[in-house]
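4 protein chains.
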Amino acid sequence: MGNTFGHLFRITTWGESHGDSVGVVVDGCPSRVPIALEDIQRELDRRRPGQSDITTQRKETDRAEILSGVFEGQSLGSPISILVRNEDIRSKDYEHMRTTFRPSHADYTYQAKYGIRNWKGGGRASARETIGRVAAGAIAKKVLAAECGVEIVGYVKQVWTLKADVDPNTVTLAQVEANEVRCPDAKMASKMIERIKEARKDGDSLGGIVEVVARNVPVGLGEPVFDKLEADLGRGILSLPACKGFEVGSGFGGTTMTGSQHNDPFYMDGKRVRTRTNLSGGIQGGISNGEHIVIRAAFKPTATIMKSQETVDEEGHDTTLEGRGRHDPCVLPRAVPMVEAMMSLVLVDHYLMQRAVKGSD
Amino acid sequence: MGNTFGHLFRITTWGESHGDSVGVVVDGCPSRVPIALEDIQRELDRRRPGQSDITTQRKETDRAEILSGVFEGQSLGSPISILVRNEDIRSKDYEHMRTTFRPSHADYTYQAKYGIRNWKGGGRASARETIGRVAAGAIAKKVLAAECGVEIVGYVKQVWTLKADVDPNTVTLAQVEANEVRCPDAKMASKMIERIKEARKDGDSLGGIVEVVARNVPVGLGEPVFDKLEADLGRGILSLPACKGFEVGSGFGGTTMTGSQHNDPFYMDGKRVRTRTNLSGGIQGGISNGEHIVIRAAFKPTATIMKSQETVDEEGHDTTLEGRGRHDPCVLPRAVPMVEAMMSLVLVDHYLMQRAVKGSD
Amino acid sequence: MGNTFGHLFRITTWGESHGDSVGVVVDGCPSRVPIALEDIQRELDRRRPGQSDITTQRKETDRAEILSGVFEGQSLGSPISILVRNEDIRSKDYEHMRTTFRPSHADYTYQAKYGIRNWKGGGRASARETIGRVAAGAIAKKVLAAECGVEIVGYVKQVWTLKADVDPNTVTLAQVEANEVRCPDAKMASKMIERIKEARKDGDSLGGIVEVVARNVPVGLGEPVFDKLEADLGRGILSLPACKGFEVGSGFGGTTMTGSQHNDPFYMDGKRVRTRTNLSGGIQGGISNGEHIVIRAAFKPTATIMKSQETVDEEGHDTTLEGRGRHDPCVLPRAVPMVEAMMSLVLVDHYLMQRAVKGSD
Amino acid sequence: MGNTFGHLFRITTWGESHGDSVGVVVDGCPSRVPIALEDIQRELDRRRPGQSDITTQRKETDRAEILSGVFEGQSLGSPISILVRNEDIRSKDYEHMRTTFRPSHADYTYQAKYGIRNWKGGGRASARETIGRVAAGAIAKKVLAAECGVEIVGYVKQVWTLKADVDPNTVTLAQVEANEVRCPDAKMASKMIERIKEARKDGDSLGGIVEVVARNVPVGLGEPVFDKLEADLGRGILSLPACKGFEVGSGFGGTTMTGSQHNDPFYMDGKRVRTRTNLSGGIQGGISNGEHIVIRAAFKPTATIMKSQETVDEEGHDTTLEGRGRHDPCVLPRAVPMVEAMMSLVLVDHYLMQRAVKGSD
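From first to last, the protein sequence lines are chains A, B, C and D.
At the far end of the first sequence sits residue 364, using our numbering, and the numbering has no gaps.
At the far end of the second sequence sits residue 364, using our numbering, and the numbering has no gaps.
At the far end of the third sequence sits residue 364, using our numbering, and the numbering has no gaps.
At the far end of the fourth sequence sits residue 364, using our numbering, and the numbering has no gaps.
The set of hints was computed from the structure by calculation and includes no laboratory data.
Computed from a predicted model, the values in this text were never measured in an experiment.
Check each hint, because a few of them may be wrong.
Note: identical chains are not told apart, hence a pair may lie in one copy or across any two.
Calculated cross-link-like contacts (lysine-lysine; reagent style DSS-like; alpha-carbon spacing at most 30 Å) [to be verified]:
(1) Lys274 x Lys123
(2) Lys62 x Lys200
(3) Lys62 x Lys123
(4) Lys194 x Lys145
(5) Lys200 x Lys145
(6) Lys274 x Lys200
(7) Lys145 x Lys123
(8) Lys310 x Lys274
(9) Lys145 x Lys204
(10) Lys194 x Lys123
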């Protein structure tokens with residue numbers, strides 16, 4: 004609840020965007036999983052600002068420290084505490100909005116809920132909060148790889164109206180990382196990059212869709228009825244900043260099909276039960292069926308823009324907010340490791356739960 | 004977790020589709036809320052099979068009994084246990100699929116996960132499981148109405164490719180209940196009904212989209228960061244059978260806009276902070292901002308069809324499943340009270356949480 | 004939380020003492036555990052009123068119905084719902100205390116907390132609430148027996164000032180059930196029975212201590228740091244009505260020893276690590292060490308007595324309450340299955356957790 | 004669960020005794036509570052080793068850093084992360100027990116459960132883990148004081164066989180802090196100090212009892228039935244290292260009384276309902292009744308002693324462990340702030356819950 008996520012593999016993130024530091028405590032990680040700082044740093048580097056010229060230019064090295072839970076390169080089974088200091092805190096960038104609510108940001112709702120906020124930045128609603136998630140997700144990926152060989156690959160599927168053509172069955176991490184927009188459709192990637200640069204010049208921002216596939220998922224993950232796998236995936240991913248939609252398999256598109264078109268026929272592939280199509284997206288009745296799990300997350304265009312906007316202030320006056328400082332014209336490339344992290348966290352959590360509750364044969 | 008949903012207002016549903024009965028225990032309901040059996044029965048009647056000629060013809064009266072937690076017409080603050088007996092259990096309808104997995108149903112995944120299943124029907128994966136949710140949702144609606152005047156209206160927004168035009172700001176329950184497809188766009192409703200009847204004749208099924216609006220929601224509901232309001236709404240609604248997608252506000256559609264088009268400008272409406280547009284769908288930074296909350300849920304076409312399908316059996320042989328028995332050509336009209344229930348449950352849960360944690364002025 | 008107990012093996016009890024019925028939903032039970040109604044009924048019969056002439060004479064048959072979760076004699080992995088109808092509801096026995104608070108009962112605190120109470124009996128604070136616990140405990144015992152051979156034996160260790168001499172290493176269920184006070188020290192049992200009969204005649208009541216031993220507990224159960232095994236056992240047992248104290252191993256008595264007297268020396272018993280003494284009570288650092296787990300629960304004398312008592316009424320007037328109706332002179336014999344149930348529930352819950360989180364070799 | 008405690012006011016502690024640091028994340032703290040570093044440091048100083056000559060001489064300054072959640076001296080409503088670096092890590096003190104299990108420590112059970120342990124000290128089972136609890140408890144105390152004026156005073160009630168005479172109704176913090184054993188019975192305190200010094204000289208250790216009183220507790224805290232106030236208090240306190248027993252009010256002593264002796268008669272004190280005696284310990288039916296809450300916690304003698312002990316090693320050989328390094332002859336004085344912290348945490352958690360669920364008048 005609140006700042007904790009997961010049932011058996013639980014993470015608690017903490018830290019404001021412009022406070023001293025941000026971090027995460029990972030509880031419930033099985034013992035004796037090999038964990039190296041580099042595993043975590045590699046994922047944080049994919050999330051960090053300033054990694055390319057199409058993201059925000061906030062300068063953060065986002066160096067992780069592991070404070071507990073790892074001993075001689077292995078997890079102890081005790082909580083793993085990870086800390087990242089904030090570095091590039093330009094609070095003066097925020098001075099002009101100390102008492103002015105930025106449209107479609109969380110300034111107003113936080114102020115209304117808590118009666119106080121750290122106006123020096125986005126506080127907990129900032130994308131910096133996801134540092135803890137991505138660090139924890141790196142550990143989740145290690146557990147999944149070690150325990151059951153699950154492989155998770157995410158990529159940018161769409162920016163603005165530009166839709167990529169990607170085969171989730173075969174796409175590789177290398178293809179994703181081949182360009183700074185993290186879109187493995189090279190041709191579309193170029194167009195996306197152009198469009199993002201244009202948005203930056205305009206002081207405007209773009210949204211889009213991240214797609215993630217999990218391959219080699221064991222059959223049987225998902226706890227009926229409220230912890231159906233898609234329900235927990237949805238919750239995890241919808242809790243990411245700026246995420247406004249989630250779908251699995253055929254998703255919204257599948258609503259225009261008939262049952263006879265949409266049902267996935269079963270067949271035997273040797274001794275393994277398979278489906279000929281995968282409109283279910285690897286989940287049936289809330290439980291993984293062994294096919295690839297395919298999900299999509301919709302991100303709205305980032306709320307920070309460099310344009311003049313109508314708004315109000317804390318005293319209840321209409322006013323105008325001028326764009327100033329730095330902005331991220333498109334969060335999608337950095338959202339890829341975030342969505343991967345949430346998927347990894349949900350899968351490892353359900354993997355552990357399934358280990359607990361399954362019949363004893 | 005598992006069969007329990009909610010943090011402070013918690014429901015636990017139980018019961019197999021073809022067992023003795025189904026039910027729910029509602030825990031955490033505030034005391035002294037007026038609760039009448041009719042409040043619950045009314046919602047169950049909207050959910051029940053056989054209520055019109057475009058739904059499944061399983062004959063169930065779905066009569067609720069309140070076994071505890073209500074005394075002289077008021078909630079006691081103790082758990083409210085509600086029971087509904089199953090009546091029309093035609094297990095022989097299922098005899099032919101005792102060992103055969105129905106495509107895109109949960110038969111295979113349940114068998115793989117649990118090594119056993121009640122093959123006489125869909126068990127927990129059946130839509131009958133939602134009886135408990137709808138009964139609990141009726142109580143949640145009473146609490147919301149009594150405590151803060153929240154009003155929740157759901158309706159069918161789309162069936163197959165047929166999309167209705169509905170204004171969430173003004174739509175009424177009476178308009179929704181005016182036709183059996185629960186679509187307040189009367190013209191489109193007729194087309195939907197025609198299309199559903201055609202699907203029934205074909206032995207096929209249709210999916211679609213339910214849209215729900217919550218009006219008069221207090222500012223400040225939603226717990227950062229993992230219990231953002233949209234995250235809990237998403238989890239609740241994605242846990243409904245056949246739901247493959249969820250979105251809030253602009254959702255997937257908003258991904259093709261720019262930030263300057265998408266941001267909702269603030270303005271003062273007397274002493275109240277309002278937004279000129281509501282692409283945020285009433286939630287900013289995971290917290291309600293006082294505007295209408297608008298969400299959409301995508302339902303795939305029902306998996307049960309009356310056509311011959313390729314599949315496998317428990318012994319690992321390829322086989323063919325013939326359509327037999329009764330089928331629900333379109334679950335959408337009955338899904339409306341289900342989605343409303345989940346939204347009510349999430350809102351009342353967050354209402355109670357907000358009452359707990361808010362600063363004390 | 005509230006009316007739900009357990010992390011992976013979760014029970015939710017419901018029902019007021021003088022309402023329609025009481026019951027429990029058991030969620031998280033592994034599938035394919037053999038469960039017969041008699042397993043449950045046998046434990047309920049040990050708990051039920053009127054079973055001997057030293058307990059309350061309320062006449063309840065306490066017949067259990069299994070409404071879900073069991074199919075052809077085996078658990079399905081879905082929630083197991085169990086219902087017991089209330090029968091002997093003499094609400095007129097309570098009429099005279101409709102607005103008068105019984106001393107050391109929960110009448111006043113419930114009224115203060117909820118602003119309402121079912122004055123026809125003790126409501127949720129009644130020992131009838133434990134029916135659900137005992138029924139669920141019967142299932143937990145079946146799981147423990149099936150999965151890891153754990154054996155749980157409880158007995159009355161003390162009534163009033165009368166202390167029994169019992170060896171937890173060897174005591175058997177047959178010895179416990181050999182007399183109606185459930186004390187395996189036959190000589191002391193006779194004295195206890197005499198003393199209880201005397202208390203009944205006096206219209207007074209007695210407290211005492213229940214001791215429970217769990218044998219064959221696997222090494223490794225218990226989750227540091229807040230779900231230490233003794234912490235969860237303590238919580239479960241202290242939540243029983245009238246329980247005022249809990250201790251494990253040497254407990255309060257151990258406080259007068261020195262470390263060199265109290266430490267349990269390790270030695271090798273073949274390939275097994277054992278301790279020469281067991282002052283730890285089978286738990287070290289919150290984790291089971293394979294020795295017998297021994298706990299004790301202190302129960303105050305039952306609050307209902309047949310004597311005149313000073314009290315106040317709902318309107319805030321001093322008044323006198325006369326004893327009337329039936330009373331239970333000593334709850335201890337019936338508390339034995341209750342404490343056993345809570346211990347079984349905690350152990351099975353931790354057994355499942357340990358299965359989830361242990362390293363994978 | 005695991006390393007997280009609480010329902011609405013939740014703490015997650017992390018850190019091994021001989022790792023880099025230890026800490027806590029406090030989630031669910033209401034916003035705008037004044038919090039100063041000194042509030043936390045003051046409590047940590049009462050807990051820290053080396054504070055007097057009757058405790059362990061490990062040299063730790065235990066300086067706390069607040070990393071998040073506090074802004075300009077007030078809580079933000081976001082997670083409060085607190086970190087304390089370990090300083091005096093003499094791992095060589097532990098070298099000789101790298102593969103040898105210390106009797107009545109957690110070495111063996113941790114090794115059996117996790118297959119790995121940080122042998123450089125007690126890891127999570129060390130009393131250093133309680134730093135996070137005490138820091139969080141300091142915040143809980145601030146919330147309680149600010150919101151409802153609750154006052155919590157703990158003291159050493161017994162060391163070895165030496166029992167103090169203290170009146171929980173009147174005892175003050177100043178009286179407690181007047182001597183290094185934290186026993187407000189000055190005469191008995193001297194004897195205790197003598198006895199502890201003797202134990203130190205002997206290389207032996209002593210146990211005892213801590214008693215804590217909470218005064219000014221509002222009526223109505225406690226959630227039936229599994230989160231009865233005494234159940235949550237018991238769980239919290241029994242999760243402290245070395246705690247083997249817990250009791251509330253009359254506790255184990257009350258078992259030798261009759262009901263007519265034990266019941267607390269109600270009377271009107273002006274408009275307030277009071278009880279003439281307080282054998283209930285301020286809790287009836289699991290809910291606070293407005294009288295002082297009085298609990299006691301039994302601590303076994305510390306396991307670390309400077310004597311030669313029989314034990315086994317990781318390879319399964321019988322062996323002997325020699326006493327070496329530093330030891331704490333009596334943890335009781337330092338246990339006082341620990342028990343106070345757990346009581347504060349439970350009370351603030353229940354205070355928030357009660358605010359959420361109470362009826363709305």
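Review point. Going through the earlier hints one by one, which of them does the structure break, listed in rising order?
Key: 4, 5, 6, 9 and 10
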